[in-house]
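K.L.:
Here are the chains, one letter per residue:
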Amino acid sequence: MSTPTAPYSMYRPKEGLGPWEHRGKVAAVGIGHSPTARRWDGRPEHSVGGISLMALRRAIEDAGVAADQIDGLVMDPVTTTGAYWPQGKPIPNDMLAVFKATDDPLDGIAKLSADWILNNMPELTNVRFTMYGPGCMSNAICVAAQAVGDGLTHTCLVLKSWHNFAGRYYQGGANAGNAIPGSAALRALWGTPACYGTALQFAEYCRKYGKHHDMMAPFIENSRNNGLKFPEGYWAQHRPEQITAEDYKAARWIAKPANLFDNDLPIMVSAAYLYTTAERARDMTQKPVYILNHALSDGRPRSLTPTLDEVEAETARTARKIYEGAGICAADLSFENMYDGFPQFHQFHIEGLGYRGLQFGDALDFYQGDIGIHGPNPILPSGGNIGCGRSRFWMHTDCIQQLQGRAGARQVTGVKPEVAVSGGPMPLGGHFTVWSATPD
Amino acid sequence: MILISFDIDGTLVVGDPPGILEVDLVRAAKNQGLLVGSCSDRPISAQRALWKQHGIEVDFTVSKHMLADVKAQFEAAVYYHVGDREDLDKRPAERAGFEFLWPHEALEMPWLSRGSCGAATKQR
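Taken in sequence, the protein lines are chains A and B. Under the working numbering, the first residue of the first sequence is numbered 5, with each subsequent residue one higher. Under the working numbering, the first residue of the second sequence is numbered 22, with each subsequent residue one higher.
Some hints here could point you the wrong way.
[As the list claims (entries may be wrong)] Some chain B residues judged to face chain A by a derived CB distance under 8 angstroms, without partners named: (1) 62; (2) 66; (3) 85.
None of these hints come from the bench; they were simulated from the model. Glycine included, every Cβ here is placed at the ideal spot set by N, Cα and C.
Excised from the complex, chain B in its bound form:
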């Protein structure tokens, strides 16, 4: 199982500033059975509203410092966080035990480009 966390601003095209990742990529990841959510400095309620607006039922929405909580909550073989900042994405992600991907690196991952994700997951 793969869990993937997306930063929003500077990472997704709907971010402020816009990033390079289309929301449809998130949708595709979710449809392939990945555990998907957002980890952003946006208010949690605003993150939920964003996903609702795009019709994507994400598994988690957390603040930037809460990736460790996500890892504790969900069981997965590998945990990724995709973001655009060294200080606010890469370092905290790695501290929380996540693999880190810049947006352009995420685009090259097979589970985003074509999709394969393994079996259903369970929540801890």
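Chain A on its own, in the form it takes in the complex:
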């Protein structure tokens, strides 16, 4: 089956589009997560393909549907941002023995196609629609929501998986070559770390508003606190370590003013959701969480790294799109789960949203107050990448679980979980979803 990348027409990139035509008519129901690992241990069942099958089957079971009812699959075929299979390294034979491969020997190991999934899930006998939403789960769920709303699929699995291999992250692939293609050459030439651009923006933010790096400490502390209450997350499963304010302030710089704990940890993990129509969702096991809108940020900076002015203009524009399509305003948000990888741009997202009345330059002061899950102003109850490891999807799982009332120890109690927003990754360049406990 040929799987296309989602066309631009499936997204909502502009202001003035009005309420989303499928507002409240699409729902997320089932959730499935694989266990996390720091790196692949070489066992086939723990490969990125193997853990994807696990997550998908768990989502199906969680939703309480029969596999033959599923007719759609939306996923991201790219499974890393910087861990590459070493050139010339042989593919493990047992991988080939356990799974049905595609023409690409790295499929299921260092990438993931819809064909690989369908080859290895024979129970999915009725999948007629497959599509790629590349980059992260934030993209894939917007594509799935639109596809279900448009009637392209009625019961759709959405999948995002991540692999990580032994050795240094970001040291392979194009970074290991003698030439870097495209405009990346201009950034990569000097070997700047990934957080460099965000650190630049954060430095300008601190200068403009008279803030300083240590004011991020409560956000980091809160994120890890919440993440340690997320049993699906890496830190909760493997290294239940808090990051205290003292820890944060003592960490070494990576790209000043971004330090070690302003960066996240690459891991292996897979998550899947089951999306369906509001009508079908009523008969499924879990409470439906309705999609009120999805929105795209595709603003382009004038130069290589967005300036603070460009970031602020874009996050404000994104917020207007989010609210307009969902038919809500900032005051309707029970909580927010915007992306945090890197944490130093989280405040750009929530200031753009005007969450709890925030204006630009307010967030770091806001972080000094009660931002915990039991207070009236929850910030990132998922814990995000800092709390759970690099996946870019904890915030979506958390929104669904919170609105279903099954976030466990992480359940927000200071607000009634009714409407939430999540998305990312970047302030300039991301996909956003508005979730609701009710269809209207």
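Since the structure of chain A is already known, use the hints to place chain B on it.
P.N.:
Relative to the frame of chain A, chain B by itself:
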């Protein structure tokens, strides 16, 4: 007096990934009177928790870039850092005036294998 700093991840067996040095080696070094501690990218509170979990009272727990502070704080005849990374252990250690040992080299040092460390130390 000998001061020895241990990296954790990739160096000690309790690291992530596990290294080759047993925690009991650290305990033995401490029991022999060496100044012992950890210098790791783990949060300092997590380093303290690790040592508490293993019942070892270390002399210092610091972040990766703070070996120079350790040298300023403790007086010793020789300072060692044991780690598994060229860029994050060896080079910073040497810049801070420490001798550097890879884990397998540390295993061959007499003060880890059988122990002899000189008199008690004083904190600067």
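K.L.:
Look at each hint and say if it fits the structure.
P.N.:
Quick rundown of the hints versus the structure:
no.: 1; hint: 62; result: 6 angstroms, holds
no.: 2; hint: 66; result: 5 angstroms, holds
no.: 3; hint: 85; result: 5 angstroms, holds
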